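Engineer: What follows is each chain in one-letter form.
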Amino acid sequence: MNQVMAPGAEAALPASEPHEGLLSWVASVDHKQIGIMYMLGALVFFGIGGIEALLMRIQLAVPNNHFLPPDAYNQLFTMHGTTMIFLVVMPMLTGFTIYLVPLMIGARDMAFPRLNALSFWIQIFGGIVLYFSFFDGGAPDNGWFSYAPLSENAFSSLPGQNYWLLGLAAIGIGSLSGAINVIVTVLDLRAPGMSLRRLPLFAWMAFVNSWLMVMALPVLNGAIVMLLIDRLLNGNFFTPASGGSALLWQHFFWAFGHPEVYIMILPAFGIISEVIPVFSGKPIFGYGFVAASTVAIAFLSLAVWGHHMFAVGLGHLSEVFFGAASMAIAVPTGVKIFNWSATMYGGRIRFTTSMMFAVGFLLMFTIGGLSGVSFAVVPLDWQLTDSYYLVAHLHYVLFGGSIFGIFAGIYYWFPKITGRMLSESWGKWHFWLTLIGFNMTFLIQHLLGMMGMPRRVWTYPALPDWAAFNLISTIGAFLLLLATLVFIWNLFISVQNGAPAGDNPWDAWTLEWATTSPPAVYNFDRVPPVHGRRPLWDLAHPEMADEAMERAARS
Amino acid sequence: MPEISTLNPLSPFAAQISHLFVAMLVVLGAIFLLVLGIVTYAIVKYRDRPGAPPPRQTFGSRNLEIAWTLGPIILLAIIFVFTVQTMRASDPPISADDPLQLRIIGHQWWWEADYLKSGVIAANEIHIPVGQRWLLDLESADVIHDFWVAELVRKIDMVPGHPNHVWLEADRPGTYFGVCAEFCGNEHAWMRFRVIAQPLADFQRWQQAQLRVPPSPTGGAAAAGLKLFEHNTCVNCHTIAGTPGNQQIGPDLSHLASRTTIAAGAADNTPGNLYRWLKDPNSIKPDTHMPNFQLSDADAKALTAYLETLK
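Same order as they appear, the protein sequences are chains A and B. First residue of the first sequence? That's 2 in my numbering, and the numbers climb one at a time after it. First residue of the second sequence? That's 296 in my numbering, and the numbers climb one at a time after it.
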């Protein structure tokens, strides 16, 4: 077999001194260990953010409830949103990226292994700073977008808001340096033969996503510094009473915040673009369209932030512009849905748990995407924004989309990461409980929003049907708790007793499956030759190699 | 059937939005059913079966992909046209000579309604004449709030330093629930209000009643209550016409007894609730800015008796 050396193989790896036990993790600069730590950290915060959500759902189970006082409820929804976004979805997807991208492109590690470790530890430090607020007067309680002037000293004098700002600033720095690392890694360390046009779609989307992070995160960190100046040095950027602008914060925040929404979904698109083809036994339908539509989404996402502000009175002209841009972004997103569906056509679909989550993703994300279009239609946004319809929408995107995608990815790559298979029978329980619990919790919230229930209320009056619908939602949330317990149990037993995975349990085609499970510290002895997008397929079927077949199909 | 206020419009503006909403629900629902159909067909038909042949390796189809790029573009272009049209119809442009009728000011956590023509100052209940198109000015005294009456009018933020304007009209007499829709601090949940649309004659009667200076009670508990109001810190925040109290930090109480709720919807306006409110505001609305004055039972009773005279 014709094999080549991994690029940079002649250079010594940075972690030359072997460590044992815990120190081997804390001192690690190995991208696989750091990737695993990102994912484990995200899993811990997923548990914390989930408990916060359950406490809120208990409070909302019946009208006029006094289970929680308002300030506790407001801390919970603020911490739930901030945690799920910055400490769960982002680091989980970063964990996948850090673990997989070097393997997928046939590299030994990230371009900057020490920076990689620094990014991770700064991010964890940010999470600890954020949660330390509970021990210093209470957690932040102004929502995950902390609108000024509510977040200014005059209305939030406790230090919780400062912890939110400092924690997010740290997380922003960690994410930004991580993104730069991914960009350089993809540009510099690809195996011979792996042109950018041959990148596995997950690696491509992680690459595009990293560019988006480089554009978006500095805007947030800049705004954070301005609000800190207001709060700690008596500045006046966002205080209307002394000549500042309340709307300026919103513009800054959403100029970051809408790209952020795509930062949380693009890598999940990447996971789905690996999982669906492999379990359908076919290459992705329309690689070029899927890859290009990702770039289109990234660009457009920088020009749609105004749709978060349709209620603030920007004037019809700006609203028409942002509405049109937001509709435009639905096109490349729709393209992907059709391409994934078409990939399954004519395939031979294996219903592993991973594939079930991928199909679940496809349908749930479609609902979230379609309800998203109703926010681009400006007059509908005027009715629906800041209601429970919006809460439902964002959970269909972030849970039905990102989290379903993450579960698909965990079932798919767990064998590579640990060398053992996750239990498929527990996995199926996990999938069905998640699907039912998720829809029970959130589908009905569309209706609550349409009935006039605003978001972020710690309690509500006993208006007709509000109590019944909220109770259904709360029961659904407890089904989700059960699903998550099944998942954690599955992880726990499988990591010890799961069936041995072997190198390539799914008959997959990308380079990470060419090495052992788990991979050795140096990833590859020899990287297989890369002549197409599916190097392992080309190796196994030299007579049907992808690029020759594709050329033949086109002529 | 549940009462879906956004689909049950009772003003010409909300009706425009509702029509578009129904149409969009149909279109979006149809697209979801299409995707669901495609996916279901694929997973049933192409599910792995023993002995199935290896799938043919196909890489895409330029024509199909162009089709499902162009299809959504055309559909969205049509939706865009209706969007712009409905924006103008549901939120008509305002010209400089349209007269302002009402100024609504959002406070943490209650609503002030200033009637600019008559000088009435109301709180948490906004009376309007049926069938008249009123132009509202929306402002905030502190943080960002949002004015939303789903059956009547779009959401519109009340941003400090950035006044907004919106048209308000009701087709039929009735009481419509409104709510603050932008998180504004601890008691965001109990920042509710009511719009009460009345026939013109009823509205004018209400307005005249609101303009009357309430007579001072001359004897009994109510007179003692008036004294308590005047000689305590109540007057530092509240207005009652005919007394030294003339501040707008808390709601104007001149005609408190004519309202249906207290504390911006947190409780019905009954003597019992009013008494509880005066004794311990937090028991009705936790974290309200109304302080607990540690009133004796007798003082709270006297104040309640006085406030009940303010029809």
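If you are wondering where the hints come from, they were derived from the structure by calculation, not from laboratory data. One or more hints might be untrue.
To be verified - Looking from chain A toward chain B, a few residues come up when the C-beta cut is under 8 Å (computed):
no. : residue
1   : G324
2   : A326
3   : D466
As the list claims (entries may be wrong) - Take a look, some chain B residues computed to stay more than 10 Å from chain A by CB distance:
no. : residue
4   : A347
5   : R351
6   : W363
7   : S385
8   : L411
9   : V415
10  : P424
11  : V425
12  : G560
13  : T565
Only a predicted model underlies this, so the values are computations on that prediction, with no experimental measurement involved. Even glycine gets a Cβ: it sits at the ideal position worked out from N, Cα and C.
Engineer: Taking the hints in turn, state whether each one holds.
Structural biologist: Consistency of the hints with the structure:
Nearest Cβ of chain B to the Cβ of G324(A): about 6 Å, under the 8 Å cut. The hint holds. Annotation: A326(A) was flagged as interfacial toward chain B, and the flag is violated, the nearest CB pair being 11 Å apart, outside 8 Å. Annotation: interface hint on D466(A) holds; nearest CB of chain B at approximately 4 Å, less than 8 Å. Against chain A, the non-interface label of A347(B) is violated: not every CB pair exceeds 10 Å, the least being about 5 Å.
Not every C-beta of chain A lies more than 10 Å from that of R351(B), the closest at about 6 Å, which undercuts listing it as non-interface. Not every C-beta of chain A lies more than 10 Å from that of W363(B), the closest at about 4 Å, which undercuts listing it as non-interface. Residue-level check failed: S385(B) sits 5 Å from the nearest beta carbon of chain A, not beyond 10 Å. Against the 10 Å criterion, L411(B) stays outside the reach of chain A, whose nearest CB is about 19 Å from its own CB.
No Cβ of chain A approaches the Cβ of V415(B) within 10 Å, the least distance being about 25 Å, so the stated non-interface status holds. Taking the minimum C-beta to C-beta distance to chain A, about 24 Å, the non-interface status of P424(B) holds against the 10 Å cut. The non-interface label for V425(B) is consistent with chain A: the shortest C-beta to C-beta separation is roughly 21 Å, beyond 10 Å. A beta-carbon of chain A is positioned within 10 Å of the beta-carbon of G560(B); the least distance is around 7 Å.
Remark: the non-interface label on T565(B) is consistent with the geometry, its nearest Cβ contact in chain A lying 16 Å away (cut-off 10 Å).
Of the hints listed earlier, those the structure fails to meet are numbers 2, 4, 5, 6, 7 and 12, in rising order.
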